[in-house]
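Here the structure of chain A is known, so what remains is to put chain Z in place on it, guided by the hints.
From first to last, the protein sequence lines are chains A and Z. For the first sequence, position 240 matches number 240 in the numbering used here, and the numbering has no gaps at all. For the second sequence, position 233 matches number 233 in the numbering used here, and the numbering has no gaps at all.
Only true hints are included.
Below, a list of computed lysine-lysine pairs in the DSBU-like style, where the Cα atoms sit at most 30 Å apart:
(1) Z:Lys38 to A:Lys137
(2) A:Lys235 to A:Lys199
(3) A:Lys59 to Z:Lys38
(4) Z:Lys176 to A:Lys59
(5) Z:Lys65 to A:Lys54
(6) A:Lys235 to A:Lys92
(7) A:Lys59 to Z:Lys65
(8) A:Lys163 to Z:Lys38
Since the hints were derived computationally from the structure, they do not count as laboratory data.
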Amino acid sequence: MRPRNATSYSAIAIVAGLLFFSATPLPAQWLGYRIPGVPRTADGKVNLSAPTPKASDGKPDLSGFWESDTAYFYDLAKDLKPGDLVMQPWAKALQAEREGKEHQDDPLSDCMPPGVPRINMSTDAMVHPFKIVQTPKLVVLLYETSANSTFRQVFLDGRPLPKDPQPTWLGYSIGRWESDTLVVETIGFNGRSWLDTAKGHPQSEAAHVTERFTRRDFGHLEINITIDDPKTYVKPWSAKVPVHLLPDSDLIETYCENEKDEAHKR
Amino acid sequence: MMYYQFTVPWIIRRVRDVIPTIAMLFVMAGLASAQWVKVPLPGTPRTPDGKPNLTAPAPKTPDGKPDLSGIWTTNSGKYLDNLAGEGAEVPLQPWAAAIYKERHDTQGRDKPQVRCLPHGAPDAMLVPGYPFKIVQTPGETIILEEEFNQYRQILTDGRALPVDPNPAWFGYSIGKWEGDTFVVQTTGFNDGSWLDNGGHPHTDALHLTERFRRRNFGNLELEVTINDAKAYTKPWKSTTIPFVLLPDTELIEHLCENEKDAPHLLSK
Numbered sequence: 001m002r003p004r005n006a007t008s009y010s011a012i013a014i015v016a017g018l019l020f021f022s023a024t025p026l027p028a029q030w031l032g033y034r035i036p037g038v039p040r041t042a043d044g045k046v047n048l049s050a051p052t053p054k055a056s057d058g059k060p061d062l063s064g065f066w067e068s069d070t071a072y073f074y075d076l077a078k079d080l081k082p083g084d085l086v087m088q089p090w091a092k093a094l095q096a097e098r099e100g101k102e103h104q105d106d107p108l109s110d111c112m113p114p115g116v117p118r119i120n121m122s123t124d125a126m127v128h129p130f131k132i133v134q135t136p137k138l139v140v141l142l143y144e145t146s147a148n149s150t151f152r153q154v155f156l157d158g159r160p161l162p163k164d165p166q167p168t169w170l171g172y173s174i175g176r177w178e179s180d181t182l183v184v185e186t187i188g189f190n191g192r193s194w195l196d197t198a199k200g201h202p203q204s205e206a207a208h209v210t211e212r213f214t215r216r217d218f219g220h221l222e223i224n225i226t227i228d229d230p231k232t233y234v235k236p237w238s239a240k241v242p243v244h245l246l247p248d249s250d251l252i253e254t255y256c257e258n259e260k261d262e263a264h265k266r
Numbered sequence: 001m002m003y004y005q006f007t008v009p010w011i012i013r014r015v016r017d018v019i020p021t022i023a024m025l026f027v028m029a030g031l032a033s034a035q036w037v038k039v040p041l042p043g044t045p046r047t048p049d050g051k052p053n054l055t056a057p058a059p060k061t062p063d064g065k066p067d068l069s070g071i072w073t074t075n076s077g078k079y080l081d082n083l084a085g086e087g088a089e090v091p092l093q094p095w096a097a098a099i100y101k102e103r104h105d106t107q108g109r110d111k112p113q114v115r116c117l118p119h120g121a122p123d124a125m126l127v128p129g130y131p132f133k134i135v136q137t138p139g140e141t142i143i144l145e146e147e148f149n150q151y152r153q154i155l156t157d158g159r160a161l162p163v164d165p166n167p168a169w170f171g172y173s174i175g176k177w178e179g180d181t182f183v184v185q186t187t188g189f190n191d192g193s194w195l196d197n198g199g200h201p202h203t204d205a206l207h208l209t210e211r212f213r214r215r216n217f218g219n220l221e222l223e224v225t226i227n228d229a230k231a232y233t234k235p236w237k238s239t240t241i242p243f244v245l246l247p248d249t250e251l252i253e254h255l256c257e258n259e260k261d262a263p264h265l266l267s268k
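Just chain A, with the same shape it has in the complex (with noise of 0.2 Å):
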């Protein structure tokens, strides 16, 4: 895993809780690797400020190696005013009981995956990067998550979304150009996982969760997130996620092993 320098003591409390592969320090393959193609400064620094690439469909080129901004994996909702999240009764009090318990019952601190929109969230004791790998009929992303390395895919063929699918943890993806914005639209969950950490929002089977990528700019992704889950919020919500890049960089291999990390377990 990539430990990082920050620390925090409320999210030192609940990424304890979380399973972790190894805890060893920086280490030596292909991170300082000079990616070909990429914009750089004189001193062959990667240009963060570089114009967005350009993918040979036309459209922007969101692939690359990419962290979120670290809070909204604790608050997905930290940004929103009073009202803007209205929760049904049910979700309010098992809102309220996970948040007291510190992540205690979040599936994700038992190896599974974290859930969609929470997969692209890094965090602040660990980072959770993801790659976007860009092709005109398929966008897929690999996560290196707290739980186990895994992938996305996001349908651009023009397929639409499944009817009555088999519950799923990342649901299934299918995505269209609105302008410079790739549009996702994922359903089909199985209502077990957790949309943030420290608040515990929940999800339900009945979510429509949006993802709206947008690269501003070679080092800077945002993605707005609007969650439409009727069964558990009075209406739709969205939060703005700031995504940046990690030049020259590639993902680690993560995987739990459930009887070792037994005692991270709480």
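Frame of chain A; chain Z shown alone:
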């Protein structure tokens, strides 16, 4: 053969492998719109009746290379059981031969998948009933493994194999083309995985070479060279492993949930 949480799609895929046409009609009637188990994929060469033409030539990428992209699967469990092929002589070091015998005699009871740990390379691609998808792009070729929802990256951007990497289940892979063959080199393995369910061991010294060749639209072939001086007295080659394309379909999310699956896994 490991049985994880028994889901309907697993059964359907298995049936489809064995009795293609009849099962497909049954599946389509029941699950046509369920979750992309049957979804027409653009760019698929078809015969006049609309069926995918599995003997059409292998497609090419814009830069003229064969395109390996597609969903592939093995049609037999025998490659996962024994990567070397039945009756083949494998040049095991004595300690490795002892381990292999023990694993073989216990039918692989302690293999890593029992604890929801991944297969490695190449065996994650050899699991019957769990296909994989190749997504070939200029800078990297990705292999999405349906079993346990995992991925491998094969970097094709010119980088060399890493020096002294943190050991990983799938290692670190680079790839390049030799004519029509995609040659993948992988090092940096941890020593946790088995080369096959029969239990051929490997160490962290493993240097794996995989040679992929797409014979036509519906057929892919793989040859593996195992170079691991700690476990084997000399490099050895696998039997040639054939994969068949699964057209007009999609991967299904799959996960190992340890507590739930423990009774199934330990039943041997």
